[in-house]
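So the sequences go chain by chain: A and B.
Under the working numbering, the first residue of the first sequence is numbered 180, with each subsequent residue one higher.
Under the working numbering, the first residue of the second sequence is numbered 859, with each subsequent residue one higher.
Calculated from the structure, these hints are not laboratory results.
A hint or two may mislead.
Stretch by stretch, here's where chain A covers chain B in the computed footprint (C-beta under 8 Å, at least three residues) [claimed, not checked]:
id	stretch
1	874-886
2	1006-1019
3	1027-1038
C-beta: ideal position from N, C-alpha, C; glycine also.
Chain by chain, the residues run as shown.
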Amino acid sequence: MNLRYQIATGLVLTALMGGAASAKTLVYCSEGSPEGFDPALYTSGTTFDASEHTIYDKLVLFETGTTNVIPGLAESWESSEDGLEYTFNLRKGVKFHSNDQFTPSRDFNADDVIFSFERQGKADNPYNQVSGGTWEYFNGMSMPDLIKEIVKVDDYTVKFVLNRPEAPMISNLAMGFASIMSKEYADAMLAAGTPEMVNQAPIGTGPFSFVAYQKDAVVRYKANADYWRGASPIDDLVFAITPDASVRYQKLKAGECHVMPYPNPADIEAMKADPDVNMLEQEGLNVGYLAYNTKVAPFDNTNVRKALNMAIDKQAIIDVVFQGSGQAAKNPIPPTIWSYNDAIEDDKYDPEAAKAALEAEGVTDLNMKVWAMPVQRPYNPNARRMAELIQADMAKVGVNVEIVSYEWGEYLDRSKAEDRDGAVLLGWTGDNGDPDNFLAVLLGCDGVGGSNRAQWCNDEFEALIQKAKVVSDPAERTRLYEEAQVVFKREAPWATIAHSVVFMPVSPKVTGYKVHPLGGHIFYGVDIAE
Amino acid sequence: MFRYLLSRLLTFLPTFFGVTIISFAFIRMLPGDPIIVMAGERGVSEERYAELIQQFGFDQPIWRQYLDYLGGVVQGDLGQSFVTKKPVWDEFFALFPATLELSICAMIFAVALGLPAGVIAAVNRGKLFDRTLMSTALVGYSMPIFWWALLLIIVFSGMLGITPVSGRISLLYYFDNPSGFMLWDALVSDQKGAFWSALHHLILPTIVLGTIPLAVIARQTRSAMLEVLSEDYIRTARAKGLAPGRVNGVHALRNALIPVITVIGLSVGTLLAGAILTETIFSWPGIGKWMVDSIFRRDYPVVQGGLLLIAVMVMIVNLTVDVLYGLINPKIRKR
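Isolated chain B (complex conformation):
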C-alpha cells in the first residue's frame, strides 16, 4: 500500500510543474494587458504606462518572469493581486472554505440521492420508475445552471418565500468566522438560530450545484449495477437463495461502486466549474467568482495562483480516489 501511494505521489511532480507553466502561459496569451484594462476609458499616459510596466515586472523577459514566479511558488509565495494588493494565498484561503462547504454539501446531496436512485432504477430496469428517473436525470444533466438557479429562486424564494434569495447566513447574525465554514462557525457561536439560518441558506445553492453530479451519479450507478447484475456470481448468489436485498445491496453494489467512485472523483472538477455560476448567482463568497473576476481584470498573480491551488486540490482528490479503489478492490493496489 505504501509503495502504491508513493508511486502515485511521484506522478504529482510533473503535473504540478506542468500546471505552473500552463497557468502562467495561458493568462498571458489572452490579449489585453492588465494596466490598460485597469485604466479603462480613462487611459494612462505613456510615461505612466512605462513606470507601471516596470513596477509589475513586465519589462523582464518572459522566461525571467516565469522563473521569478516559480521561485516564489517553491517558497510558498504566490505573489500579490494587482487589484487588491493582497497576497494571493490569503485571498484564496479566505474564500476557499465557502466553496468547499458548498461543494461538500452538493456532493453529499448528489451521492445520497444518486446512488439509491441508480440502484433502484437498475433493479427495476425498463419499468416506469427506471424510465422516469433516467429521463429526469438527462434533463438535470442538460439544464443550464444559471437558468435552473434563477427558476428555483423565483419559485422558492420569490413566490413561496420559504428559502432566502442569496448569501450564506441572515445579515442579522454576525460573529467571527475563523474557520471559514459557516455551518461550523454558526454552530459553535452562541447565537441562537445561526446554524439553522446557515443551513437554510445552503438549500438552494446545494441543489443547483448538486444537480449535474446527481444526474451523472444516478446514470453511472444504474449502468454499473446493470453490468454487475448480469454477472455469473450474482446469479450464483441468487441461486443460493440469498435475500434480494443482500444480493443487490452488498454483492452487486460493492462491485458496481468502482466506476461510480471514479465518476464522483471526476465530478470535483465539474463542481468547481459549476461553482463559478452558482456562486455568482447566490452571492456565495467562494473562489469561483474570484477567479472569473480576476481573468477579466487580467490579474495575473491571482489567475496563476488560483489555478495552481485548484489543480493541486483536484490532484489530491484524484489521489484519494485512487487510494479508495485500493481499499475497495485489493486487486488494484497489487497491480
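Chain A with its partners taken away, still in its complex shape:
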C-alpha cells in the first residue's frame, strides 16, 4: 500500500468516524487547471496558485496581503554601494519535500539557488530545454540582460552580480519564476531519464507538498510538517477545479468548497447578503485605461487629450461595467502601490468644458475609433460595454466614435503599431508591486511600438523613471515616481479609467485568509473552524 493511498484511506476513515481526530481539509474551488507545476515555465495566475504559493519558496517573499518584501529562504541581504551586487545570506536547516521517487539527503543551500536561475538563463544547463522551457517571465523581466553572474560565496551565501543597477531587483526575486527548486531532485531525475518529473511531480520547500493531480479535476496537497515558518493549521489542501463561476458559488453554498476566486460581478450583491458566504475584498493591483495614439493628429495635442478625458463619465462606467466592483482611476498606478500620488486631481467630468476646449483647439466634427478588447479581465470586465458608454459620452461633446474590435491575439498585435488609428482600451496587472513595473513597461520610451500603447515618449517623464530605477533609497524613489505621475497627468497620454476591486467569497468557517494584492491565492496560515 503506497503512502498516498494510506493517507487517503486514513482521511476517509477519519471523515466517516467524524469527531475531533478528523484531518482538516481545506477545499479551494479553483478556476482552471494548472499548466504544470514549475512556475518559471508558465505565466498564468492559475498555475502560480497551484505551484509558487503552495509548493515553493523564494529567496524573498511578498508578505501575504501586502506588496511588502520580507525575508524568505534568504534570512537577510545587502546591496553594494553602486547597486551592482546583491549578497543573500541563506537560511539554514530548510528541508525539501520528498515523494515516492525522491528523499532529499541534504538541506537547502546555495547550489539550489544557482540551479534555479541558471536553468532559465544558461543554454548549456541540462534543464534549459526540458519541458520546452521558454522561460517567459525570466526573459520578460529582462533577467538575461540584467544578471551578469550568480556566485556561490559559500554554502549559505550567494551573490547576484548585475550589469546595471536595478532598484526593483529584490521585488523581482519574490516573483514566481524565482521559485527555488531542489538541485538534488533535478539531478536525480536527470539521471533517471525523467527530467520532466521536476515539473510534473514537484519538490519544493513550501508550506504544502504535492500529492497528486488529475487534469481538470483536482490537485491534492499535504501540509509540510517541517515547514521553516511552522506547519500550516490545516492538514490537507485540495484544489477542486471548477471552471464555471456560478457553479463555484453553488459549491461554496453547499459546503463542497471553502474558498472560491473570481465570482460573477452580477452575483456579488447576493453573495454579500448570503449567510453562507463571508465576502472579503481588496483593491486589485491593476489599472484599466484608454490609450490615445499620441503620435497621430489631433491626439498628439495634449489639450485635445485633456478635453477628451473630461468628456468621459467614469462613475457611470464603474456603476455599469464594474457593477460597483471598481473605483475610478486617476493615476496610472493603483492606490495599493507605494508612491501612489494621492495629491493629484483627476480631470473633472465636464462635457461643456470638454466641448469648449475642443473648439478652442479648432477640433470640430472629430471622428475617432475606440478599440474594445474581446476578452474579460479584472481591470475591464466588459470592454464592449465600456466602449459604448465612452461612445455615448463622446457624442455629447460632438465627437463621433466608431467601436472596433479584433480577435485577442490580433488585438494585442495591431494595437502596438505606431501609426495605429484610434484609442485602445487595455490594462495591466502588476507583477511585483513596484511602480517601475507599471510606469516603465506601459509608458516608457522603450515600450513605444510595443507595450506602450499610447506611443508616448516624454523626456521629462522618462528621465524621472530611469533615475528611479537606479536609485536604491526608497524615499528618493517615491519622490521621483510621485513627480512622474504629475507629468503623466499633465500630459494625459491615457484616460485612466478604473482599478478593480477583487472579491473573494469564503466560507464563514474559514479564518486567516487574506486577499493578496498581487492576485495570488495563498493558503499558508489559513484555518477552518470546526
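The hints should help you fit chain B onto chain A, whose structure is shown.
Frame of chain A; chain B shown alone:
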C-alpha cells in the same frame, strides 16, 4: 458480411486524410497566433518572437508543416501541446474516459426513456399522453444546455441538497484511477461508498447531456412506429389475432428501429458537442473542455490531434451503426 465490412472500412481512409487537412487548416485560419496569445498584455520582444517562431516550426512553409504533421500522425505521434508541453496522445487518453463514461450514461438514459416513450406515444397517437410527451420533447430539444444545467444544480443541489454540485466523486475518496472510468475504478477500489458517490455525481450531468438525445429518440421512435403501424403486415398480424403487445413490441418495433438506430448513431456527434458545455458546468474532466481551452489558446497540436481522434471515434461509431443495420435487416448487407 466480411466484404461489407471491408468496403465500409475502405471509405475510412479518404475521410481520415480529409480530417487531417481540415483540422490542420481550420485552426490556422483563425486569426491570432499562439505566441502572441500566450504572451498576453505582457507582449514579447521581436527577437524573442523570432526565436519562438523557429522553435515551434512556424518559419517553415505551410505544406512542409502539414507534411511533418502528417508524418507524425502516420507514426502515431500527434505532437506536443504548446501549453502543457505534454504529448497530445497522453492528454487525450487521460481525459477521454471521463467523456466516454458520461456519454455512455447519457445515451443509456436517453435510449432507456426515449424508446418506450416513443412507442407508447405512437400506440396512443393523438391522446393526451402523446401530446404531452411530444411537446415536452420539443421543450427538451430546444432547451439551452447551460441554462438547464444551472437550473438543475440550483434546484437539486442548492435547494434540495440531494445531488452534489459538480465533480466526478466526493473529494473524500481518493484512489488511483488507472482505467479512467470512475464507476469501474470506484467499484474495484476497496473504499466503501466510493461507487455510490461516483454514481451520485453522474446523475445531473447524465440528465443534462442526455436530454437532447432523449427528445430526439422519443420523437424519432414515435414517427417510425407510426409509419410501421400503418403497414399491411401489421394489419395482417392484428387480423391473425396476435396480442397487441406482441404486434407493437416485436413486429412493429423491430422494423421501426432502423431509423432510430441511425439517429442514435448521429447523436454521438451531438453528445460530444453537448459535452463541451456539460463538462464545463459540472467540472467534468473530459475532452470537451480541453478542446475549447485549446482553441482559445491556439494550441495547434491539441486542436489538430483532438479533432482527429474525435473524428475517428465518430467514424467508428458510424461503422458500428452500419454493421448493426446489417444485423437487424439482412437486406442491407446484401445490397
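Tested hints:
1. Remark: the stretch 874-886 of chain B is not confirmed as covered by chain A, as 0 of its residues place a Cβ nearer than 8 Å to a Cβ of that chain, below the required three.
2. For the stretch 1006-1019 of chain B, the stated coverage by chain A is satisfied: 6 residues place a CB nearer than 8 Å to a CB of that chain, which reaches the threshold of 3.
3. Requiring three or more residues with a Cβ within less than 8 Å of a Cβ of chain A, the coverage given for the stretch 1027-1038 of chain B holds, as 7 such residues are present.
Of the numbered hints stated above, the single one contradicted by the structure is hint 1.
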